[in-house]
Amino acid sequence: MPMFRRQQALGVSLLVFSLGLNAFAFQAIAAEPKMQRPKIALVLSGGGARGLAHIGVIEWLEEHRIPVDIVTGTSMGGLIAGMYAVGMTPAEAHHFIATVDWDTSLLPEPSYDQLAFRRKEDRRAYQLGIALGLKGGLSGPAGFNPGHGIGLLFERATYGYSAMKSFDDLPIPFRCVATDLETGNPVVLHDGSLAEALRATMAVPGVFTPVELGDKILADGGMVDNIPSDIALAMGAQIVIVDDVASQLGSRSDLKTLGGVIDQALDIATLENERRGLKLANVVVTPDLRKYSAADFYNSEQIIRGGYEGAEKSMDALLPYALPEDQWQEHLRERYARKRIVPATVTKVEVAGVSGNEQEHLQDELKKYVGKPLDVAHLETDLTRATGEGRFDLLGYEATPAAEGTGLKIYAHEKTYGPPLVDLALNVQGSGTGDFDFSAGVRLTMLDVRRHGGEWRSDVVLGGTNFLATELYQPLGTSHFFLAPRAFFLKQSRADFIGSHEAAEFHDRRMGAGFDVGYNSGRRSEVRVGYEYFNGVLSTIIGQPSTNLQGISGGNGLLRARFVFDGQDNPNIPSRGMRLTAEVDHVIESPGVHSFQQLKLGGSQFIPVSSKGSIFGTASFGTSFSSTAGFFQKFSLGGPFRLGAYRRDEFLDNNFAYTSVGYRYELFRLPVLIGKKVYAVAGFESGTTFAGFSGPVQFHNSITIGTLAETILGPVQLAGSVSTTGRTKVNFSIGRLF
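Per this note's numbering, the sequence shown runs over residues 617 to 1354.
Incorrect hints may have been included.
What the hints assert, rightly or not - Here are the simulated DSS-like cross-link-like pairs (lysine-lysine), alpha carbons at most 30 angstroms apart as the crow flies:
| id | residue 1 | residue 2 |
| --- | --- | --- |
| 1 | Lys-1107 | Lys-1250 |
| 2 | Lys-907 | Lys-1293 |
| 3 | Lys-964 | Lys-929 |
| 4 | Lys-655 | Lys-781 |
| 5 | Lys-655 | Lys-955 |
| 6 | Lys-1250 | Lys-1216 |
| 7 | Lys-781 | Lys-988 |
| 8 | Lys-751 | Lys-832 |
| 9 | Lys-655 | Lys-895 |
| 10 | Lys-1025 | Lys-832 |
| 11 | Lys-781 | Lys-983 |
| 12 | Lys-781 | Lys-964 |
| 13 | Lys-955 | Lys-907 |
| 14 | Lys-984 | Lys-964 |
| 15 | Lys-929 | Lys-907 |
| 16 | Lys-988 | Lys-964 |
| 17 | Lys-983 | Lys-964 |
| 18 | Lys-1025 | Lys-964 |
| 19 | Lys-751 | Lys-1025 |
| 20 | Lys-929 | Lys-983 |
| 21 | Lys-781 | Lys-1025 |
| 22 | Lys-655 | Lys-929 |
| 23 | Lys-955 | Lys-984 |
| 24 | Lys-781 | Lys-955 |
| 25 | Lys-1025 | Lys-988 |
| 26 | Lys-895 | Lys-907 |
If you're looking for bench data, these hints aren't it; they were derived computationally from the structure.
Please model the complete structure; the sequences and the hints are all you need to start from.
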């Protein structure tokens, strides 16, 4: 029995010892720290449109559960990195880029349909694509594009992430790189406004205006650190994955175009600093994007797909960093828990960057957003239209903290070179040495004369046509009604035809003044009623004019009512929209005739039938009713887009009718600094001038085939025309067409 007790006691002791040992072992295991995985950084290079491939790479990484703890980028890589850092999923980023209208976002100013009506008049009459002003002397902007449109993309993507103490507070800690233009040093952007940081890292010199941030003037970071692996390591990264879309140089065949040469030169300029970044990488993804240029935003889907395929080719190097499903889901939960939720209701609007009347005007225009959820699309439209008035080169927005809601901060940037603003024109028309006209012009516009919206606009055109004019445009209070006194001088060469034979050439001189009262809707239409008086003189240069053109001179006075509606999307070569004009004149006096009335109607319509093609139709009609018009009021036809197979002003009479139908098709795009697009155009024209409605009317027809190009000099046309009677003519022109 005692032996049994001793054995029992020994067994209990062993059991207790065993349990204690197991408990100790459990405590030791529990106390052991959780195994840490390496901190992974994703580094995204610059490369213009090729940088859109980063979205495809991110899609692949997330599909294969590869975590990203740090993200850095430069230029377009900075933009995609910023979108990822604020918590956008790859699908959201892909959708965001797919819905961007690059044609509009990359314009140096708001699209034509968003311009104020008077700025539309400027673009139709003065089409040289050069922005100039006289603030502090004749000068232009510091970049081809101030970045208003592309800036709105940044603000939309990063809304709510402004005035940050550190970009470490983002769902994914983030940095981007810009270049200090004064010192040439890299600047790592790590706090403040995220949208401003993205604008700075993408400010390609010569293309986008540099960004003033604090005491620095910043431009594209690709010049100094296009693959910022060093920044990722400084943030604590242990594994660096680089997506390199920039360091592949093109082949000899890629150097046959201007765009290819420019792309290659830019790539070579950044090659050395890219190699430094690549040496610090553990994994380099290199999508094959050699057939896409830095400006090829219009192939975004193919480029994104190229990024995905590039990551797929690097699968063996990437998959070792993949997480198990449970750890991946935990990683995502931690990331998205850091996203900012911005209160929907706007409780106040603040305007910064401008003062005085302009600040009050913007504040008044935007106060409608207070007390309701922010409609981002409408806000961006309003900011773009305010930019389209001419004073500002960009307007942006961001959310700021506010009691029980969201503060909306609008920052305005006035043009550094104006007002006064300067617009230029170059007008050339010719079909041979015997029919050639050249003139160049300048328009000077002073804004906000006496009050907001007041303008003083003056024109000087010299050459084959000489034109001097000035107009003071004054709104009545804050309404859309206005007063507009003006004065002008016009001298132009004209021909006198007997049949198809040019019998003489003479000067047509007019000098006079007028006063209008009108209503301007803001963007699309204007109505004017007024009186105009001018003295007209005809003087022969060469030849013997017909009897009815000899010795004509004297005063011309008329009452005029005019309506213009402009709903087209381009002043030069529209793809869609309608333009209408209607004018009624009561001519009180004109040399050699009694008073009479005239009606003038005109319109054009462009209808897109494909992504690159549009059909168009134009029609115009003018009549002096049953009266004989004075010479200075007669209607003429002939010349490009006015019966192209005939000479300018070959047909002249009391009444006229004209119509055309045609098709224009986009052939290709020009490099961004040269122009926009080149089109093929074919059309049929028919028109006539006639003395009265009781006599015979003969219509003249013309078929035209040629090319049109939107260039920095304005629209350039080269076309051949043939009439149904066998007349042929080749026309070349620079300047306004439709």
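Hints and how they fare:
1. Between Lys-1107 and Lys-1250, the direct Cα distance comes to roughly 17 angstroms. Compliance with the 30 angstroms bound is thereby established for this hinted pair.
2. For the hint pairing Lys-907 with Lys-1293, the CA-to-CA distance comes to about 20 angstroms; that is within 30 angstroms, so the pair holds.
3. With a C-alpha separation of about 51 angstroms, the suggested pairing of Lys-964 with Lys-929 is violated against the 30 angstroms cut-off.
4. Our distance criterion of 30 angstroms between C-alpha atoms is met by Lys-655 and Lys-781, whose separation comes to about 23 angstroms.
5. The hinted pair formed by Lys-655 and Lys-955 meets the criterion: a straight-line CA distance of about 20 angstroms does not exceed 30 angstroms.
6. Of the pairs offered as hints, the one joining Lys-1250 and Lys-1216 holds, with about 11 angstroms between alpha carbons and a cut-off of 30 angstroms not exceeded.
7. Only pairs whose Cα atoms come within 30 angstroms are accepted, and Lys-781 paired with Lys-988 is accepted, the gap being roughly 28 angstroms.
8. For the hint pairing Lys-751 with Lys-832, the CA-to-CA distance comes to about 22 angstroms; that is within 30 angstroms, so the pair holds.
9. Taking the CA atoms of Lys-655 and Lys-895, the gap is about 18 angstroms. The hint holds against a cut of 30 angstroms.
10. For the proposed pair Lys-1025 and Lys-832, the alpha carbon gap of about 22 angstroms is at most 30 angstroms, so the pair holds.
11. Simply put, Lys-781 and Lys-983 have alpha-carbon atoms about 29 angstroms apart, close enough for the 30 angstroms limit, and the pair holds.
12. Straight-line distance between C-alpha atoms of Lys-781 and Lys-964 comes to about 22 angstroms, which keeps the hinted pair within the 30 angstroms bound.
13. Straight-line distance between C-alpha atoms of Lys-955 and Lys-907 comes to about 37 angstroms, which puts the hinted pair past the 30 angstroms bound.
14. The hinted pair formed by Lys-984 and Lys-964 meets the criterion: a straight-line CA distance of about 10 angstroms does not exceed 30 angstroms.
15. Between Lys-929 and Lys-907 the CA atoms are separated by roughly 18 angstroms; this keeps the pair inside 30 angstroms, and the hint holds.
16. Proposed proximity of Lys-988 and Lys-964 is supported: the alpha carbons are some 10 angstroms apart, at most 30 angstroms.
17. For a cut-off of 30 angstroms, the pair hint linking Lys-983 to Lys-964 stands: about 8 angstroms separates their Cα positions.
18. Proposed proximity of Lys-1025 and Lys-964 is supported: the alpha carbons are some 8 angstroms apart, at most 30 angstroms.
19. Pair hint Lys-751 plus Lys-1025 holds up; C-alpha atoms about 27 angstroms apart against a cutoff of 30 angstroms.
20. Taking the CA atoms of Lys-929 and Lys-983, the gap is about 53 angstroms. The hint is violated against a cut of 30 angstroms.
21. Restraint check: the Cα-Cα separation between Lys-781 and Lys-1025 comes to about 18 angstroms, which is no more than 30 angstroms; the hinted pair holds.
22. With a CA separation close to 23 angstroms, the supplied pair Lys-655 and Lys-929 stays within the 30 angstroms bound.
23. The straight-line distance between the Cα atoms of Lys-955 and Lys-984 is roughly 28 angstroms, inside the 30 angstroms bound, and the hint therefore holds.
24. Between Lys-781 and Lys-955, the direct Cα distance comes to roughly 15 angstroms. Compliance with the 30 angstroms bound is thereby established for this hinted pair.
25. Between Lys-1025 and Lys-988, the direct Cα distance comes to roughly 15 angstroms. Compliance with the 30 angstroms bound is thereby established for this hinted pair.
26. This hinted pair checks out: Lys-895 and Lys-907 have alpha carbons roughly 25 angstroms apart, not beyond 30 angstroms.
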